[in-house]
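> Sequence:
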Amino acid sequence: MIAFARTCAAVAATTGKLEKIAILAAYLRGLDDENLAPATRFFTGNVFAAREQKQLSVGGRTIVEAATHVWGVTDAQLRAGYREHGDLGDALGPLVREPANLGLFRDDGLTPASLAAIFDEIAAASGRAAGKRRLHLCERILGACTEPLEATYVIKIMTGDLRIGLREGLVLDAVAAAFDQEPPRIRRAVMISGDVGAVALAAKRGALDTLRIALGSPIGFMLASPIL
Numbered sequence: 000m001i002a003f004a005r006t007c008a009a010v011a012a013t014t015g016k017l018e019k020i021a022i023l024a025a026y027l028r029g030l031d032d033e034n035l036a037p038a039t040r041f042f043t044g045n046v047f048a049a050r051e052q053k054q055l056s057v058g059g060r061t062i063v064e065a066a067t068h069v070w071g072v073t074d075a076q077l078r079a080g081y082r083e084h085g086d087l088g089d090a091l092g093p094l095v096r097e098p099a100n101l102g103l104f105r106d107d108g109l110t111p112a113s114l115a116a117i118f119d120e121i122a123a124a125s126g127r128a129a130g131k132r133r134l135h136l137c138e139r140i141l142g143a144c145t146e147p148l149e150a151t152y153v154i155k156i157m158t159g160d161l162r163i164g165l166r167e168g169l170v171l172d173a174v175a176a177a178f179d180q181e182p183p184r185i186r187r188a189v190m191i192s193g194d195v196g197a198v199a200l201a202a203k204r205g206a207l208d209t210l211r212i213a214l215g216s217p218i219g220f221m222l223a224s225p226i227l
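Its first residue numbered 0, the sequence shown is counted upward by one per residue in numbering that gives the first Met the number 0.
Please note that a few of the clues may not be correct.
Unchecked claim - Ranges between beta-carbon positions, derived for each pair:
(1) Glu33 x His135: 21 to 27 Å
(2) Gly108 x Lys16: 29 to 35 Å
(3) His84 x Gly108: 36 to 42 Å
What the hints assert, rightly or not - Straight line, CA to CA, 25 Å or less: simulated DMTMM-like cross-link-like pairs of lysine to aspartate or glutamate:
(4) Lys53 x Asp32
(5) Lys53 x Asp179
(6) Lys53 x Glu64
(7) Lys16 x Asp86
(8) Lys16 x Glu181
(9) Lys53 x Glu33
(10) Lys131 x Asp179
(11) Lys131 x Glu120
(12) Lys131 x Glu51
(13) Lys131 x Asp119
(14) Lys131 x Asp74
(15) Lys131 x Glu97
(16) Lys53 x Glu120
(17) Lys16 x Asp179
(18) Lys16 x Asp160
(19) Lys16 x Asp89
(20) Lys53 x Asp119
For the record, the hints were derived by calculation from the structure and aren't laboratory data. We treat Cβ as the ideally placed atom computed from N, Cα and C, and that holds for glycine.
Model the full structure from these sequences, guided by the hints.
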């Protein structure tokens, strides 16, 4: 997720739409199949495909509790960071440190695919112990972060607010640019499939025509999401 975070920072640092598209397209073009779909979804501010109708169900309180357990974050540090930035990711990210228990993914590094797999586990948590399970999984995520910028944007993904000035339409334009497709074809494919990640993968493979309408897909929705 370090490369993802650096791409986010680069996108945030420019105001030009074409520059944002070019930066994002270059990053997407370099991803393997396993990481392309989840990374593309993350850039739209979504953890899951729209057609999946799943929710992460993790609030800021759980993220803060996980950061307290894993990084030893204090109330004073949190208050100071939030006063300065007004954003949980920006407040907590700089406080990343190596946890006492190295945990999963510490050696190999957190990737879009491995992060998405943990998100699936969080969404699947149910029953009386669901809260504790979600907290444990959030601790795994934070414990896998190795750099402040990475931790910042991983938390931003979890809160659904990247704050990098990136509309979903620009993400689709970047997918088109990355894989030599026409933007209208990418938009139609997203409307059909309800999954921008699947569309990115199909575009890379030159297989947009193989996408089919999935049950429950939000056909006809407008790509006018808030700026992320």
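> Are Lys131 and Asp179 close enough, with their CA atoms no more than 25 Å apart?
This hinted pair is violated, its Cα atoms lying about 45 Å apart.
> With a cut-off of 25 Å on the C-alpha distance, tell me whether Lys16 and Asp179 pass.
Given that 25 Å is the threshold and the Cα spacing comes to 18 Å, the pair holds.
> Would the pair Lys131 and Glu97 pass a check requiring their Cα atoms to be no farther apart than 25 Å?
22 Å, holds
> Do the Cβ positions of Glu33 and His135 conform to the proposed distance bound of 21 to 27 Å?
24 Å, holds
> Does Asp119 sit within 25 Å of Lys53, going by the straight-line distance between their CA atoms?
9 Å, holds
> For the pair supplied as a hint, Lys16 and Asp89, is the alpha-carbon distance within the 25 Å limit?
Answer holds: Lys16 to Asp89 is near 23 Å, not above 25 Å.
> Regarding the pair Lys131 and Glu51, is the alpha-carbon distance no greater than 25 Å?
With a Cα-Cα distance of about 24 Å, the restraint between Lys131 and Glu51 holds, given a limit of 25 Å.
> Going straight from one Cα to the other, do Lys16 and Asp160 come out at no more than 25 Å?
Status holds; Cα separation ~19 Å.
> Take the C-beta atom of Gly108 and the C-beta atom of Lys16, compute their distance, and say whether it sits inside 29 to 35 Å.
31 Å, holds
> Quick one, are Lys53 and Glu120 close enough, alpha carbons at most 25 Å?
Holds, at about 11 Å.
> What's the verdict on Lys53 and Asp32, does the C-alpha distance respect the 25 Å limit or exceed it?
22 Å, holds
> Just to be careful, I want the Cα atoms of Lys131 and Glu120 compared with a cutoff of 25 Å; is the pair within it?
12 Å, holds
Violation of the numbered hints given earlier is confined to hints 3, 5, 10; the remaining hints are satisfied by the structure.
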